[in-house]
Amino acid sequence: AQKVTQAQTEISVVEKEDVTLDCVYETRDTTYYLFWYKQPPSGELVFLIRRNSFDEQNEISGRYSWNFQKSTSSFNFTITASQVVDSAVYFCALSELGAGNMLTFGGGTRLMVKP
Amino acid sequence: DVKVTQSSRYLVKRTGEKVFLECVQDMDHENMFWYRQDPGLGLRLIYFSYDVKMKEKGDIPEGYSVSREKKERFSLILESASTNQTSMYLCASSFTGSVTEAFFGQGTRLTVV
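Protein chains in written order, with this note's numbering: chain A, 1 to 115; chain B, 1 to 113.
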């Protein structure tokens with residue numbers, strides 16, 4: 001069965017610091033998809049990124065970057081020059097092909113960015 | 001914009017009551033999901049539906065049922081609410097086919113007293 005672990009439950013940084021959120025996953029499938037979602041205080045999960053298991057290229061989107069390493073089953077998320085608006089709970093999730101788009105979530109990491 | 005709307009942001013119900021949580025999506029998505037969110041546990045899947053009148057159990061279906069009579073609407077039912085069902089409930093929807101991102105509602109915070 002699949003599993004997603006986010007070992008960091010809470011991280012606190014000062015604005016402009018870089019921060020990395022860790023995500024480790026387990027799956028027996030060779031084809032799977034990894035996601036990151038952001039949950040601001042309003043409650044609605046906001047989609048950030050989706051990667052499939054055949055694409056190990058790192059991705060950068062503005063201040064956000066993602067490092068996918070199949071060798072260590074990790075899909076880490078880095079925020080560069082953090083801002084107060086980045087304060088939220090971040091979830092990593094996994095979906096196996098054929099699982100009907102069902103997502104298995106990690107426990108989430110609460111990021112607090114202080115001014 | 002894709003919109004998933006949950007009927008209530010906050011609900012307070014008594015133990016033993018039958019509770020209905022409603023979710024509507026406006027993007028003609030085939031798949032709809034109900035998740036429960038608890039601190040430290042992330043989101044856990046209760047039920048999902050891939051078509052009208054079709055449903056599948058997720059990881060924690062006990063104490064819950066669902067109804068999908070129309071494509072855009074997916075209801076979660078707590079047959080007899082208990083205090084251990086106090087939680088945040090999130091509805092989501094997505095297209096079928098290859099794995100795509102799910103879109104989430106704002107959540108319903110349910111308190112059972």
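FYI, nobody ran anything at the bench for these hints, they're computed from the structure. Treat the hints with caution; some may be incorrect.
[As the list claims (entries may be wrong)] Residues from chain B shown here face chain A by an in silico Cβ test under 7 Å; the list is partial:
no.	residue
1	G40
2	L43
3	S94
Glycine is no exception: its CB is placed at the ideal position from the N, C-alpha and C atoms.
Taking the hints in turn, this is what the structure says about them:
no.	hint	result
1	G40	holds (5 Å)
2	L43	holds (4 Å)
3	S94	holds (5 Å)
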